[in-house]
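Chemist: Dock chain S against chain H, hints included.
In order, the protein sequences belong to chains H and S. The letter at position 190 of the first sequence is residue 189 when you use numbering that gives the first Met the number 0, and the numbering goes up by one with no holes. The letter at position 157 of the second sequence is residue 156 when you use numbering that gives the first Met the number 0, and the numbering goes up by one with no holes.
The set of hints was computed from the structure by calculation and includes no laboratory data. Yeah, the Cβ is synthetic: ideal placement off N, Cα and C, and Gly gets one too. Keep in mind that the hints are not guaranteed to be accurate.
If you anchor each label on the Cβ, the simulated ranges turn out as follows [claimed, not checked]:
no.: 1; chain 1: H; residue 1: PRO87; chain 2: S; residue 2: HIS177; range: 25 to 35 Å
no.: 2; chain 1: S; residue 1: ARG63; chain 2: H; residue 2: LEU157; range: 29 to 39 Å
no.: 3; chain 1: S; residue 1: SER122; chain 2: H; residue 2: ALA132; range: 38 to 48 Å
Derived list of chain H stretches under chain S, where covered just means 3 residues or more per stretch with a C-beta under 8 Å from a C-beta of chain S [claimed, not checked]:
no.: 4; segment: 0-6
no.: 5; segment: 10-18
no.: 6; segment: 47-56
no.: 7; segment: 153-160
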Amino acid sequence: MNYLADVGALARKDLLLELRARDTLPAMLLFVVSTLVVFHFVLPTGSSDLAATGLLWVALLFTALLGLSRSFAAEREQGVIDGLVLAPSDRSAIWLGKALSILAFLVLAEVLALPAYGLFFRPVDAALVAGVALADVGIAAVGTLLAAMATAGRARELLLPLLFLPLAIPIVVGGVGASVAEDPGRYLGLLGLYDALFAIICWASFEYVVTE
Amino acid sequence: MIRARALEKRYGDKRILRGVELDVDTDGFVLVTGPNGCGKTTLLRLLAGLAAPTRGELDVAVDRGRIGYLAHEPLVYRELTALENLDLYGRLYRVPERRERTGMLLERFGLWDARHAQAGSFSRGMLQRLALCRTLLHEPSLLLLDEPYSGLDDEGARLLDRELRERAQVAAFVVATHEPQRLEPVATARLALA
Chain H
0 MNYLADVGAL ARKDLLLELR ARDTLPAMLL FVVSTLVVFH FVLPTGSSDL AATGLLWVAL
60 LFTALLGLSR SFAAEREQGV IDGLVLAPSD RSAIWLGKAL SILAFLVLAE VLALPAYGLF
120 FRPVDAALVA GVALADVGIA AVGTLLAAMA TAGRARELLL PLLFLPLAIP IVVGGVGASV
180 AEDPGRYLGL LGLYDALFAI ICWASFEYVV TE
Chain S
0 MIRARALEKR YGDKRILRGV ELDVDTDGFV LVTGPNGCGK TTLLRLLAGL AAPTRGELDV
60 AVDRGRIGYL AHEPLVYREL TALENLDLYG RLYRVPERRE RTGMLLERFG LWDARHAQAG
120 SFSRGMLQRL ALCRTLLHEP SLLLLDEPYS GLDDEGARLL DRELRERAQV AAFVVATHEP
180 QRLEPVATAR LALA
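Bound conformation, chain H alone (with noise of 0.2 Å):
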C-alpha cells in the first residue's frame, strides 16, 4: 500500500512538474505533428498502407525519445536524485513513478498523432490503436531505464538513442505487425510479452542504475 502510494506521489509530482514548466510535452506533440506532416509530403502518391505504417512508427519512437531525454532533467540539474535515491521507498518506486508519467505523456501525444495519421495517411483501426498502447507500456518502462542509466554519464543526449533504439526493435516489429497484418494477435502477443518481461527487468533492476 505504501509502495503504490509512494509511486502516485512521484508520477503526481513529475506531471505537475511539466504543468508548471511545460518544457517536454508541447516539444513532443509539435514534433510528432511536424513529423507526419512532413512524411506525408515525403511519401509519394499510392504508395503502400505498409509504408504509412512504418513512417507512423517512426514518428513515435522519435517522439518518445525526445519525451525520455528530458524525463530525468530536474532530477539531473537540481540533484534531487540523490534525495529520492535516501529516502526509504523501494528504489523501485521511482522507476515506476516516472515511467507512468512518461506513458501519460506519450498517449497525450498520440491522441493528437492517431487522428493527424488518419488524416494524412489512412483510417486508423482498434488493432493500430491497440499496438499503439502496448508499445506504450514498453517503451516507458525500458526508456525510464535507459534514460536514468544515460543521466549519470556525461554524453547523455548520445547515449539514450543508442541504448534505447537496438532495444526498441522488438516493438517497432510488433507494432507495424500489429497494423497491418491480417491476424494481428500474434503481434500483439509479441508486444504484450515484451511489456511484461522488460517491466520486470527494468523494475528489478532500477535500483542499481541509481546507486553506485
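Modeler: Quick look at chain S alone, frame taken from chain H:
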C-alpha cells in the same frame, strides 16, 4: 553508529579518499575539515550510502530512512513550492503528522510566508533554509551535513546553531565545514582530511 576502517574511494585513476578511520557514537558530533577537494563531500556520500567505498570497511548502523543528508545542492524541485517539496519528502519518508511537522519547520526557518512560492524563485539563503527543513523533516537519528552554513545570513546561521544544539542531544552528526570554530562547542571529535 558509524565505523569506518581504512576507507578508500577512487573514481577511475583518481584517489579521492585514503585510509580514513572514523567512529561515531549515537550522540557523537564529528567535524570533518580539510581543504577543497580533500574528499569531505565524498566521505559524506559514502556514509549516506550514495556511493560505495573502493576499499576498506564501512558500517553505518542506521536505516536509510533515519539519515538526514544536506548536500551542496538543496535537493528540491525548483518548479514546486516549498510546501509541495516538503510534502513530497514527507510522504516518501512516511513522516507522521506530515503537515504539522512541515508547517513547524517552515515557520522555524522563517519560510512560512514563502511556503507557496516556487523554490526556483528563492535566494541562495532561502534554498539552504528549505534544504535544512528537508533534512530535518523526518527527525533523523544520523545527520550528514555538507557545509550547512553555506549561503545563510546571520539570522539563518543563528537558527541553524539553535537547531543543531537541540538535535545534538538526540542524534549523531557528521558535519563537513570550513568554519569548524562555529561548531567546536558541540563537537565531540574532529576528522581532518588532507
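Chemist: Hint by hint, say whether it matches the structure.
Modeler: Now for the hints, and whether the structure bears them out:
Taken as a hint, the range 25 to 35 Å holds for the pair PRO87(H) and HIS177(S), whose Cβ atoms sit roughly 31 Å apart. Distance hint check for ARG63(S) and LEU157(H): the Cβ-Cβ separation is about 33 Å, which falls inside the suggested range of 29 to 39 Å. Between SER122(S) and ALA132(H) the Cβ separation comes to about 46 Å, which falls inside the hinted range of 38 to 48 Å. Evaluation of the coverage hint for the segment 0-6 of chain H: fulfilled, as 3 residues show C-beta separations to chain S shorter than 8 Å, against a requirement of three.
With 3 residues having a beta carbon nearer than 8 Å to a beta carbon of chain S, the segment 10-18 of chain H meets the requirement of three or more and the stated coverage holds. Only residues whose C-beta sits within less than 8 Å of a C-beta in chain S count toward coverage, and the segment 47-56 of chain H has 0 of them, not enough to reach three; the restraint is violated. For the segment 153-160 of chain H, the assignment as covered by chain S is violated, since 0 residues bring a beta-carbon within under 8 Å of that chain's beta-carbons and 3 are needed.
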